[in-house]
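J.: Below are the chains, spelled out letter by letter.
Number of protein chains: 2
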Amino acid sequence: MVGWPDRRWLDLVGTEQPIVQAPMAGAGGVELCIAAIEGGALGSLPCGMLSPEQVRAQVAEVRAGTDRPFNLNFFCHRMPDGVGDAAWRELLRPYYEEFGVQPSNGGAMRLPFDAAMAEVVEEVRPAVVSFHFGLPEPSLLDRVKATGAIVIGNATTVEEALWLDERGVHAVIAQGFEAGGHSGRFLGSDPAEALGLFALVPQAADAVRIPVIAAGGIGDARGIAAAFTLGASGVEIGTAYLHCPEAGISDAHRRKLREGRTVFTNLLSGGLARGVHGRLIDDLGPIRPEAPRYPLASAALAPIRAAAEKRCEFGFGPMWAGQAAPLGQALPAAELTRQLGADALAILGRAG
Amino acid sequence: MVGWPDRRWLDLVGTEQPIVQAPMAGAGGVELCIAAIEGGALGSLPCGMLSPEQVRAQVAEVRAGTDRPFNLNFFCHRMPDGVGDAAWRELLRPYYEEFGVQPSNGGAMRLPFDAAMAEVVEEVRPAVVSFHFGLPEPSLLDRVKATGAIVIGNATTVEEALWLDERGVHAVIAQGFEAGGHSGRFLGSDPAEALGLFALVPQAADAVRIPVIAAGGIGDARGIAAAFTLGASGVEIGTAYLHCPEAGISDAHRRKLREGRTVFTNLLSGGLARGVHGRLIDDLGPIRPEAPRYPLASAALAPIRAAAEKRCEFGFGPMWAGQAAPLGQALPAAELTRQLGADALAILGRAG
Numbered sequence: 036m037v038g039w040p041d042r043r044w045l046d047l048v049g050t051e052q053p054i055v056q057a058p059m060a061g062a063g064g065v066e067l068c069i070a071a072i073e074g075g076a077l078g079s080l081p082c083g084m085l086s087p088e089q090v091r092a093q094v095a096e097v098r099a100g101t102d103r104p105f106n107l108n109f110f111c112h113r114m115p116d117g118v119g120d121a122a123w124r125e126l127l128r129p130y131y132e133e134f135g136v137q138p139s140n141g142g143a144m145r146l147p148f149d150a151a152m153a154e155v156v157e158e159v160r161p162a163v164v165s166f167h168f169g170l171p172e173p174s175l176l177d178r179v180k181a182t183g184a185i186v187i188g189n190a191t192t193v194e195e196a197l198w199l200d201e202r203g204v205h206a207v208i209a210q211g212f213e214a215g216g217h218s219g220r221f222l223g224s225d226p227a228e229a230l231g232l233f234a235l236v237p238q239a240a241d242a243v244r245i246p247v248i249a250a251g252g253i254g255d256a257r258g259i260a261a262a263f264t265l266g267a268s269g270v271e272i273g274t275a276y277l278h279c280p281e282a283g284i285s286d287a288h289r290r291k292l293r294e295g296r297t298v299f300t301n302l303l304s305g306g307l308a309r310g311v312h313g314r315l316i317d318d319l320g321p322i323r324p325e326a327p328r329y330p331l332a333s334a335a336l337a338p339i340r341a342a343a344e345k346r347c348e349f350g351f352g353p354m355w356a357g358q359a360a361p362l363g364q365a366l367p368a369a370e371l372t373r374q375l376g377a378d379a380l381a382i383l384g385r386a387g
Numbered sequence: 036m037v038g039w040p041d042r043r044w045l046d047l048v049g050t051e052q053p054i055v056q057a058p059m060a061g062a063g064g065v066e067l068c069i070a071a072i073e074g075g076a077l078g079s080l081p082c083g084m085l086s087p088e089q090v091r092a093q094v095a096e097v098r099a100g101t102d103r104p105f106n107l108n109f110f111c112h113r114m115p116d117g118v119g120d121a122a123w124r125e126l127l128r129p130y131y132e133e134f135g136v137q138p139s140n141g142g143a144m145r146l147p148f149d150a151a152m153a154e155v156v157e158e159v160r161p162a163v164v165s166f167h168f169g170l171p172e173p174s175l176l177d178r179v180k181a182t183g184a185i186v187i188g189n190a191t192t193v194e195e196a197l198w199l200d201e202r203g204v205h206a207v208i209a210q211g212f213e214a215g216g217h218s219g220r221f222l223g224s225d226p227a228e229a230l231g232l233f234a235l236v237p238q239a240a241d242a243v244r245i246p247v248i249a250a251g252g253i254g255d256a257r258g259i260a261a262a263f264t265l266g267a268s269g270v271e272i273g274t275a276y277l278h279c280p281e282a283g284i285s286d287a288h289r290r291k292l293r294e295g296r297t298v299f300t301n302l303l304s305g306g307l308a309r310g311v312h313g314r315l316i317d318d319l320g321p322i323r324p325e326a327p328r329y330p331l332a333s334a335a336l337a338p339i340r341a342a343a344e345k346r347c348e349f350g351f352g353p354m355w356a357g358q359a360a361p362l363g364q365a366l367p368a369a370e371l372t373r374q375l376g377a378d379a380l381a382i383l384g385r386a387g
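For the record, the sequence lines run as chains A and B.
When we follow the working numbering, the leftmost residue of the first sequence carries the number 36, and every step to the right adds one.
When we follow the working numbering, the leftmost residue of the second sequence carries the number 36, and every step to the right adds one.
Just so you know, the hints here were simulated from the structure itself, not pulled from any lab data.
For every residue, glycine included, the Cβ atom is placed at its ideal position computed from N, Cα and C.
Treat the hints with caution; some may be incorrect.
Listed next, with one range per pair, are the computed distances between beta-carbon atoms [to be verified]: (1) B:Gly223 with A:Glu158: 50 to 60 Å; (2) A:Glu88 with B:Asp318: 51 to 61 Å; (3) B:Gly384 with A:Gln364: 19 to 29 Å; (4) A:Gly384 with B:Ala377: 13 to 23 Å; (5) A:Glu88 with B:Ala377: 52 to 62 Å; (6) A:Met84 with B:Asp318: 36 to 46 Å; (7) B:Ser139 with A:Gly203: 33 to 43 Å; (8) A:Ser174 with B:Val118: 37 to 47 Å; (9) A:Leu222 with B:Arg385: 36 to 46 Å; (10) B:Gly119 with A:Asp317: 28 to 38 Å; (11) A:Pro104 with B:Glu344: 30 to 40 Å; (12) B:Val118 with A:Pro324: 52 to 62 Å; (13) A:Pro324 with B:Gly223: 42 to 52 Å; (14) B:Gly38 with A:Gln364: 23 to 33 Å.
Let's have the full structure, built from the sequences with the hints guiding it.
T.: Below, the structure written as structure tokens:
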């Protein structure tokens, strides 16, 4: 018996390794995507904070570096209406004063997938499109499907996995509580019910007919092998790639990955996302009711963050990381990808 | 290659299956312990709510049913001093009125391991003694070790696993966030940093020299096989045994296992413990600052719980369950144990 024990995702996507390099807005761009692809993974471009023009430009760059498939990732949140941020700005006032900046709405905002982005997808025709926080409205989803793209949705519960399967996605990410970055929860909203990957993967795999891609807490080859053992057909790996030289993160962020102390915070975007500790979290506590809803909280923070980062203080911007962060190795992404795949096959007793 | 890929725990404890039947105070007693042992597991007696006399009596019952090894489990919390529960009783006042009972301190209280229990251990000499919430003071621990018992500690973080290893326990349970019942966290106290089993097992296995027993979110044979793949030498299984006829739980509790909606609550004991929803949690929210520290919250609840259960309302007592609850099967415990072991070996490709 040689090779991956479940080839459903591999046969669908046509990559060599059943590894999806997770889209990580702000931390991984073209360079990381190409390097992961070179190692045999499905590379991803995080597009949630890009303009249509920027997506076109990055796709061109990826295609100049590889002719293999890649994934464009988009967010599908609804922008909140009429949310004020007066209490949030008041809470942040000591930082405006400390850093000598004025409250303003600066910085790139996470925007939901829309008609302009559907046009980009129709134009550049990526092999794979993945969505976070549910799916776009049916007419937009139909336009994406009509391009022939493989569509991936993100589920944090069995209910969400079933919802996505019913709407015709081709594969579903089972995102465990351990995952770094934003929890994609979109049905129901009780964060106290977040599921660990160990419980989520087998329940999701039993519930849906499509391949399940396990995400969150997979930091090395043991995790990949264990995910397959639980019923996954693929894995999505994010934090492990943050150790790679191709990840565009601060040295402070990189060092904190080794400590492994992560929490869910709503301070940096308004949505629940897992990351390492930094000054804002340590000062205010990780969860504050004053933070306006996703994605609005980042706006009032932007001038503070910009000023703080000039002083090499990175605790006012996202330093996302999952719970397996300390397991990562500082290897080039292509080499890391190949090694993870080979080691996982060896652990599964299926090496060639 | 036949048999378990890591025999460190099996060779230490001498059971046929690398499965520890989790001690579950109030839900599993002598009958479940004997049945799990019959299936090849290490059976456990939860002793945290028993008197020394009750422990002696239950040990005698287990020994009348089997001559194989069993585990006595104790708590090692410190009883809080000078904690008032006026705010808690005030919060519960509507229930005292609804059920027509007087506030009183009734019910069995969870008590920490002490000299009287050390004497019981010296007398009955169980093969294994496990501790939750850290370890007893060194002189008591030394007395337990001097009996020749294998000592197991419970860790929810790598730091706790190292602390236990340094104090000479023979094996460590890595308890994931997914686990039903009380989280054993004893160093540090930030529940926001709770680790999922997927992230905890490999990090704990890398950190300590002793065998790691994975617990929490393991609901079927896939979970057992995955735990070994992540670096565990054994598994502890609790919730899956609640489906068995030998578990002494209400029908309401049994039905809710299938729904799989669990939360951490501090309402039922004062400590954080995972269980299914019930009326108290739904009315008050799962976490309330008014609940006095572990284990005191249960006292003021006791008369309400007793009156409510007479009306077949079970939402005022513990209905612990882990996140993999829906994966369980309603088989007799001995049969379940044998089947889990055989299926896990088959998944690992090591069946005989």
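J.: Give a verdict on every hint.
T.: For each hint, the structure was consulted:
1. B:Gly223 with A:Glu158: 50 to 60 Å: This hint holds: roughly 52 Å between Cβ atoms.
2. A:Glu88 with B:Asp318: 51 to 61 Å: Taking Cβ atoms as reference, glutamate 88 of chain A and aspartate 318 of chain B lie about 53 Å apart, which means the hint holds.
3. B:Gly384 with A:Gln364: 19 to 29 Å: Holds: the Cβ-Cβ distance is about 27 Å, inside 19 to 29 Å.
4. A:Gly384 with B:Ala377: 13 to 23 Å: 18 Å, holds
5. A:Glu88 with B:Ala377: 52 to 62 Å: 59 Å, holds
6. A:Met84 with B:Asp318: 36 to 46 Å: 41 Å, holds
7. B:Ser139 with A:Gly203: 33 to 43 Å: This hint is violated: roughly 59 Å between Cβ atoms.
8. A:Ser174 with B:Val118: 37 to 47 Å: At roughly 59 Å between Cβ atoms, valine 118 of chain B and serine 174 of chain A fall outside 37 to 47 Å, so the hint is violated.
9. A:Leu222 with B:Arg385: 36 to 46 Å: 39 Å, holds
10. B:Gly119 with A:Asp317: 28 to 38 Å: The hinted range 28 to 38 Å holds for glycine 119 of chain B and aspartate 317 of chain A, with Cβ atoms some 31 Å apart.
11. A:Pro104 with B:Glu344: 30 to 40 Å: Check failed, 58 Å falls outside 30 to 40 Å.
12. B:Val118 with A:Pro324: 52 to 62 Å: 27 Å, violated
13. A:Pro324 with B:Gly223: 42 to 52 Å: 25 Å, violated
14. B:Gly38 with A:Gln364: 23 to 33 Å: 31 Å, holds
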